[in-house]
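Protein sequence lines, in the order shown, are assigned to chains P and Z.
Just so we're aligned: 40 in our numbering is position 40 of the first sequence, and the numbers increase by one with no gaps anywhere.
Take any residue in the second sequence, note its place counting from 1, add 163, and you have its number in our numbering.
Calculated from the structure, these hints are not laboratory results.
Just so it is clear, CB atoms sit at the ideal spot from N, CA and C, and this is done for glycine as well.
Hints may contain errors.
As the list claims (entries may be wrong) - Computed beta-carbon distance windows for the label pairs:
1) Z:Pro467 <-> P:Val153: 32 to 38 Å
2) Z:Met328 <-> P:Met69: 45 to 51 Å
3) P:Asp25 <-> Z:Met328: 48 to 54 Å
4) P:Asp25 <-> Z:Glu371: 39 to 45 Å
5) P:Met69 <-> Z:Glu272: 25 to 31 Å
6) Z:Glu394 <-> P:Val153: 36 to 42 Å
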Amino acid sequence: MISDELRENPVIAALEARDSAALADAVLHAGQLALFVDPEKILDVCRFLKDEKQYTRLSGITAVDWFPMEPRFEVVYLLHSIERRGERLRLKCRVAGDKPGIDSVTSIWRGANWYEREVFDLFGITFRGHPDLTRIMMPDQWEGHPLRKDFPVYGLKYTYKDE
Amino acid sequence: MSEPELPSPAATLEAESPNQQTERRRMILNMGPQHPSTHGVLRVVLELDGETVVSARPDIGFLHTGIEKECEEKTWQQVVTLTDRVDYLANLSNNLCYALAVEKLLNAEDAIPQAVKWMRVLLCELTRINSHCVWLGTHALDIGAMTVFFYCFREREDLLRIFEMFSGQRLMTSYIRPGGLALEPPRGWDKAVRRFIDAFSDKVDEYEDLLDKNPIWLRRTQGVGYVPLEELLDWGATGPMIRAAGIPWDIRKDEPYSDYDKFDFAVPTRTENDVWARYRIRMEEFRQSAKIVKQALDGMPGGPWQADLPRVTLPDREKMKTQMEALIYHFKIVTEGMRVPAGEAYQCIESPRGEIGYYVVSNGGNKPHRVFMRTPSFGNLQSLPVMIEGKLIADTIAAMGSMDFVLGDVDR
Chain P
1 MISDELRENP
11 VIAALEARDS
21 AALADAVLHA
31 GQLALFVDPE
41 KILDVCRFLK
51 DEKQYTRLSG
61 ITAVDWFPME
71 PRFEVVYLLH
81 SIERRGERLR
91 LKCRVAGDKP
101 GIDSVTSIWR
111 GANWYEREVF
121 DLFGITFRGH
131 PDLTRIMMPD
141 QWEGHPLRKD
151 FPVYGLKYTY
161 KDE
Chain Z
164 MSEPELPSPA
174 ATLEAESPNQ
184 QTERRRMILN
194 MGPQHPSTHG
204 VLRVVLELDG
214 ETVVSARPDI
224 GFLHTGIEKE
234 CEEKTWQQVV
244 TLTDRVDYLA
254 NLSNNLCYAL
264 AVEKLLNAED
274 AIPQAVKWMR
284 VLLCELTRIN
294 SHCVWLGTHA
304 LDIGAMTVFF
314 YCFREREDLL
324 RIFEMFSGQR
334 LMTSYIRPGG
344 LALEPPRGWD
354 KAVRRFIDAF
364 SDKVDEYEDL
374 LDKNPIWLRR
384 TQGVGYVPLE
394 ELLDWGATGP
404 MIRAAGIPWD
414 IRKDEPYSDY
424 DKFDFAVPTR
434 TENDVWARYR
444 IRMEEFRQSA
454 KIVKQALDGM
464 PGGPWQADLP
474 RVTLPDREKM
484 KTQMEALIYH
494 FKIVTEGMRV
504 PAGEAYQCIE
514 SPRGEIGYYV
524 VSNGGNKPHR
534 VFMRTPSFGN
544 LQSLPVMIEG
554 KLIADTIAAM
564 GSMDFVLGDV
574 DR
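Extracted from the complex, chain P is given alone in its bound form:
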């Protein structure tokens, strides 16, 4: 639950006033604000933050795997506002481990394109509505998603015995 202190934050207050179910939680850690957003509403929240709250830049998108906990993945959006002298905001969406998927934000920031491809490639999270969701780092025929915690560091297929 969001503490009363954090509710006074203008961004959180605006989001809560707009849609009380959009935010699941908010955490202030090491001076940085992270908002847990309902994955169904990420597109709506991002558009609002960009258009109304001057978070015009998307710095990056990544994910964190909390295997074997459920919901397993956290998709993290790093937002930035140049207008407000480098104010930053982190949005996080908890996504279930079984056929993970979330809406693509490429319609809001075109720069999200490669970041979402990277998360798709390395975590296996699908982005619905992405224009070209293909592998970006690994070869096209690669099996598995390397940054998942159950993917071994030294690979699946090859051992020195094969050589």
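Got chain P; can you put chain Z on it based on the hints?
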């Protein structure tokens, strides 16, 4: 079953020839992954109509080494050596960004001595000069001005000697670590840096003499590679690319870290937003970086070169010979590494190429749970298609050079 009938060669020719007259044929050209001007292993699939680029699709991942995965297997201190290898032309900037992120998680920002902060600033600015030297040399070489390369690498050699003096390594320095510096600065370091920096402003004049009035250079760069500012921001470009489009956005000014707010420097901007403007921005940054280095040299505070955090930094060798605790801490740090409280932090700094950001997640253990590297080259390279589509293929080289990407930084 009868074989499917193949059309005769003559019939194919006849079928194609009217087509050729009505519609010009397009050609698919693979630029790279071994093309010299892609500075690494980047493949750009170009669709050409004569000399004009119709569409471009960068294909990356050839240099993907799984650094982020590797980070999850190393202790917090060992990860420093991996950050060197991300952007190998600005390794100290990467070291610093990671160190600051971990210090944020450790809640140790106030414990960092001032001498460490200033030395970090000095080294990062030398790194910026070093990186811009490589960029200018190779960029000019791509466009056809060969001499600049030798001039720039002359200065780069001096800088690498300075880095070697500090850390024992020319390229993979790993000199900035969580909690301080790896080693005490060597004796006579200030003389070496001062000798370099005093001579450097003349060297920048030399570069400018070679290029600023060179008609070929001007024709190849002015008006080339223009993208509207909104598109650049939308695609995630950072650093000199944005400053060349008129926004004085510099993380050193906007979100000061490591005492940058105590230094006096300007953020150069231009409005032309072309390859030439990006060149001018970096030339100005040479001078501003030199200015910061001079200030750091003149005002370098004395004091310890690492924080007094026994669980994070290695103890003094002399203390280890006399104090039991020091020996225990040394043993613990070396064998199992330090523990970082659970939490997450995002730290960004202004690297020579733009915004480097480290998003570090800890679960309380001695290894990071996740390290995400938001690298400037990755964001900048995304805007390549909008920059070159509809333009001449020769301008592709100039536009790519002006982005100053490092493929290790893109692929990680």
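Worksheet item: For which of the previously enumerated hints does the structure constitute a violation, in increasing order of number?
Response: 4
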